[in-house]
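Going by numbering that gives the first Met the number 0, the first residue of the sequence shown is number 0, and it counts up by one from there.
Treat the hints as calculated values from the structure; they're not laboratory data. Heads up, some of the hints might be wrong.
[Claimed, not checked] Calculated lysine-lysine pairs in the DSBU-like style (CA-CA distance at most 35 Å, straight line):
1) Lys-68 / Lys-27
2) Lys-22 / Lys-47
3) Lys-30 / Lys-49
4) Lys-68 / Lys-30
[Stated by the list, open to error] Here are the simulated distance ranges between beta carbons:
5) Lys-68 / Gln-26: 47 to 55 Å
6) Asn-31 / Lys-68: 32 to 40 Å
7) Tyr-24 / Ala-58: 50 to 58 Å
8) Ile-62 / Gln-26: 16 to 24 Å
9) Ile-62 / Thr-20: 48 to 56 Å
A virtual CB, placed ideally from N, CA and C, is assigned to each residue, including glycine.
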Amino acid sequence: MDDTVMENSTCESNDHKEVMTFKGYEQKTFKNSSHIVGVFEVLQSLRKDKVLCDIRIEADDGIIIFGHKNILISAS
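Based on the provided sequences and hints, a complete structural model is requested.
As structure tokens, then:
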């Protein structure tokens, strides 16, 4: 018989959402090396089109670069 047990409990803040926990499972890690490339291509496209940009950086030579604060924060 399968040892996997699923327990459901409702979130305290919202009765319509359920939290599911699984017991008796083996953790597995999946890697998709092309995923990060695709993510950065989309982020670069958003930045070039000035979509969802929330920061503007002006260089000493007057060049203005638009960007995303979350990306800058994650790299600092």
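A quick look at each hint next to the structure:
1. Of the pairs offered as hints, the one joining Lys-68 and Lys-27 holds, with about 32 Å between alpha carbons and a cut-off of 35 Å not exceeded.
2. For the proposed pair Lys-22 and Lys-47, the alpha carbon gap of about 45 Å is over 35 Å, so the pair is violated.
3. For the suggested pair Lys-30 and Lys-49, the alpha carbons sit about 30 Å apart, so the restraint of at most 35 Å is met.
4. With a C-alpha separation of about 26 Å, the suggested pairing of Lys-68 with Lys-30 holds against the 35 Å cut-off.
5. Between Lys-68 and Gln-26 the beta carbon distance is about 33 Å. The supplied range of 47 to 55 Å is therefore violated.
6. A hinted range of 32 to 40 Å for the beta carbons of Asn-31 and Lys-68 is inconsistent with their spacing of about 26 Å.
7. Between Tyr-24 and Ala-58 the Cβ separation comes to about 51 Å, which falls inside the hinted range of 50 to 58 Å.
8. At about 47 Å, the CB distance of Ile-62 to Gln-26 disagrees with the hint of 16 to 24 Å.
9. Our hint of 48 to 56 Å for Ile-62 and Thr-20 holds, since their Cβ atoms are close to 51 Å apart.
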